[in-house]
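Q: Take a look at the letters that make up each chain.
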Amino acid sequence: MVLRGRAIYKGRVEGEALVTSMGISFFGGVDPESGVVVEKGHELEGQSISGKVLVFPTGKGSTVGSYTLYRLKHNGAAPVAIVNAECETITTVGCIIAEIPCVDRIPIEQLAAGQRVIVDGDKGTVDV
Amino acid sequence: MELNFDQLAMLNGEHGPAAQKAMEILDALGEIYGAADMVPVSSVQIAGVSYDNLGEAGLQFLTQMADGGGRARGLTTLNPAGMDVENWESLGIDPGFAENQKQVLEAFARMGVVTTCTCTPYLSGNLPHYREHIAWAESSAVCYANSVIGARTNREGGPSALAAALTGYTPKYGMHLDEHRSPTVTVEVALPPAYTAGAQDMPGEGGLRTMWFGALGKAIGEKLQGSGKKQVPYIKGIGTASLEELKTFCASIATYGGTALFHMPGITPEAALKTPPVMTMRVTQDEIDAAKRSLSAAPSEEVDFVSLGCPHLSIKEIARLAELLDGKRVVKEFWITTARPTKHIADRMGYSAVIEASGARFAVDTCCVVAPIKGRFNALATDSAKACYYASGKNEFQTRLLPFDKVVMEALWEG
Numbered sequence: 006m007v008l009r010g011r012a013i014y015k016g017r018v019e020g021e022a023l024v025t026s027m028g029i030s031f032f033g034g035v036d037p038e039s040g041v042v043v044e045k046g047h048e049l050e051g052q053s054i055s056g057k058v059l060v061f062p063t064g065k066g067s068t069v070g071s072y073t074l075y076r077l078k079h080n081g082a083a084p085v086a087i088v089n090a091e092c093e094t095i096t097t098v099g100c101i102i103a104e105i106p107c108v109d110r111i112p113i114e115q116l117a118a119g120q121r122v123i124v125d126g127d128k129g130t131v132d133v
Numbered sequence: 005m006e007l008n009f010d011q012l013a014m015l016n017g018e019h020g021p022a023a024q025k026a027m028e029i030l031d032a033l034g035e036i037y038g039a040a041d042m043v044p045v046s047s048v049q050i051a052g053v054s055y056d057n058l059g060e061a062g063l064q065f066l067t068q069m070a071d072g073g074g075r076a077r078g079l080t081t082l083n084p085a086g087m088d089v090e091n092w093e094s095l096g097i098d099p100g101f102a103e104n105q106k107q108v109l110e111a112f113a114r115m116g117v118v119t120t121c122t123c124t125p126y127l128s129g130n131l132p133h134y135r136e137h138i139a140w141a142e143s144s145a146v147c148y149a150n151s152v153i154g155a156r157t158n159r160e161g162g163p164s165a166l167a168a169a170l171t172g173y174t175p176k177y178g179m180h181l182d183e184h185r186s187p188t189v190t191v192e193v194a195l196p197p198a199y200t201a202g203a204q205d206m207p208g209e210g211g212l213r214t215m216w217f218g219a220l221g222k223a224i225g226e227k228l229q230g231s232g233k234k235q236v237p238y239i240k241g242i243g244t245a246s247l248e249e250l251k252t253f254c255a256s257i258a259t260y261g262g263t264a265l266f267h268m269p270g271i272t273p274e275a276a277l278k279t280p281p282v283m284t285m286r287v288t289q290d291e292i293d294a295a296k297r298s299l300s301a302a303p304s305e306e307v308d309f310v311s312l313g314c315p316h317l318s319i320k321e322i323a324r325l326a327e328l329l330d331g332k333r334v335v336k337e338f339w340i341t342t343a344r345p346t347k348h349i350a351d352r353m354g355y356s357a358v359i360e361a362s363g364a365r366f367a368v369d370t371c372c373v374v375a376p377i378k379g380r381f382n383a384l385a386t387d388s389a390k391a392c393y394y395a396s397g398k399n400e401f402q403t404r405l406l407p408f409d410k411v412v413m414e415a416l417w418e419g
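Residue numbers (our numbering), protein chains in the order written: chain C, 6 to 133; chain S, 5 to 419.
Don't read these hints as lab results, they were simulated from the structure.
Note that the structure is a prediction, hence the values are computed from the model and not measured.
For glycine and all other residues, C-beta sits at the position ideal for the given N, C-alpha and C.
Treat the hints with care, as some may be off.
[Said to hold, decoys possible] Quick look at which bits of chain S chain C covers, simulated, 3 or more residues with Cβ under 8 Å:
1) 25-36
2) 320-334
[To be verified] Just a sample of chain S residues kept apart from chain C, beta carbon distances all over 10 Å, derived:
3) L58
4) F101
5) N104
6) S164
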């Protein structure tokens with residue numbers, strides 16, 4: 006199955022999907038050293054986004070969150086790719102400065118945690 | 005989105021890696037917000053300056069951009085830093101923090117950014133004119149620029165404002181387009197007689213009306229947030245407003261409502277061009293009082309930190325402060341936050357000497373929202389509704405919102 010969306014940031018990677026139906030705030034919501042989600046009550050609380058294809062509807066919270074993605078990347082704890090329903094400023098800018106492939110306008114409810122997927126940030130596709 | 009020759013050259017890396025990265029950011033933002041093209045900007049205000057917010061990652065990114073040949077193409081100024089750049093030690097800032105903060109400012113300076121660190125750039129030489137396209141971060145200044153000046157800017161974040169500085173462009177969407185600047189809701193305010201212009205001249209009541217504007221901003225902002233969509237309010241019933249009142253109102257409505265633009269007939273320049281929408285919400289005096297009370301829970305006895313200058317104090321406010329503190333002695337930690345150029349005027353006028361003789365301290369280049377003061381104090385007295393929001397959320401202080409003159413009395417009172 007190939008899901009077609011919109012290319013946000015370039016690069017093609019394969020990885021294991023980590024999926025949530027909740028928004029993510031990278032600043033304050035994710036530990037920048039380990040990549041573990043620390044937001045209280047979040048579906049992914051306690052799980053690490055490091056090395057995963059992170060699938061979530063849209064970003065939220067402080068614009069400083071863009072820098073958190075950059076910091077995660079430098080600590081080797083960033084997701085390998087990001088897939089959104091609708092990408093907003095924080096995640097877009099974060100992916101560009103951290104150079105994380107990113108695709109949006111994907112029907113994310115068709116993706117499930119644990120699936121192997123290929124994200125193509127040039128074509129804007131997710132291959133399941 | 006259509007890019008011109010200059011923009012394409014940057015995107016292709018012909019102007020170096022920093023300009024390329026900056027153009028990638030703007031290109032992507034333009035795509036996701038459906039911009040048809042970009043517009044040149046004449047003024048930029050960058051947020052994300054305090055090391056307390058940036059952290060090591062932010063500093064690394066800024067250093068990388070400076071190393072990559074990043075150079076501001078137009079007038080660019082900065083938001084407050086995490087400390088007084090010249091006087092951090094006496095304010096109890098950690099030397100390690102100070103070192104990192106200096107590196108942040110150095111990276112900006114290498115990129116040709118003017119390192120006046122203030123949330124009121126329009127008082128310190130970065131003043132766009134009516135209808136000018138600009139790219140500003142700092143929510144209170146964005147609201148002031150769009151509404152009071154009639155310039156045009158979206159609510160930029162730190163990196164997107166930096167990208168505009170290094171390229172000289174911003175994608176043309178949102179607040180840059182006429183159709184998004186029309187009011188979406190009318191807000192009716194009944195101004196009580198106690199708050200009509202001139203009331204603030206009553207003895208002991210100085211700043212009463214300014215504080216009321218802060219409470220009003222919270223009351224309206226929260227109502228707009230409750231509507232669940234981005235609103236441009238057309239606010240009736242205010243009559244007149246001073247620069248200081250509008251400065252605090254913008255800070256408050258942007259903090260509590262995420263508002264980028266409002267219109268006030270008789271006060272803001274675009275109001276006369278617009279028709280008030282039929283959809284109307286009323287803000288009652290009870291709601292404004294409730295907004296004030298919600299920020300004033302801390303009793304006087306608890307207050308151990310007093311601050312004025314959110315947004316940064318104008319020279320007029322500093323003159324008033326010198327008058328109130330002349331010959332007095334403060335008994336609480338009292339920070340006066342303002343911009344370096346304003347402090348220079350205060351020095352020349354002798355205000356600074358009077359204020360410092362009272363034991364109050366200037367915290368220039370910084371403010372209580374971005375300085376690393378969590379855990380240092382218990383309760384803050386201030387005249388700013390915005391300062392209360394960050395004091396309670398970010399720093400976990402209790403708050404006591406008072407008019408300007410009474411904030412000063414709080415600092416003088418033994419308790």
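Q: All hints, please: hold or fail.
A: Outcome of the hint check:
Counting residues of the stretch 25-36 of chain S whose beta carbon lies closer than 8 Å to any beta carbon of chain C gives 7, which meets the minimum of three for the stated coverage. Counting residues of the stretch 320-334 of chain S whose CB lies closer than 8 Å to any CB of chain C gives 0, which falls below the minimum of 3, so the coverage claim is violated. The Cβ of L58 of chain S does not lie farther than 10 Å from every Cβ of chain C; its closest approach is about 6 Å, which violates its non-interface assignment. Here F101 of chain S stays apart from chain C, with its beta-carbon at least about 16 Å from theirs, past the 10 Å limit.
Remark: the non-interface label on N104 of chain S is consistent with the geometry, its nearest Cβ contact in chain C lying 14 Å away (cut-off 10 Å). The Cβ of S164 of chain S does not lie farther than 10 Å from every Cβ of chain C; its closest approach is about 6 Å, which violates its non-interface assignment.
The earlier numbered hints that this structure contradicts are 2, 3 and 6.
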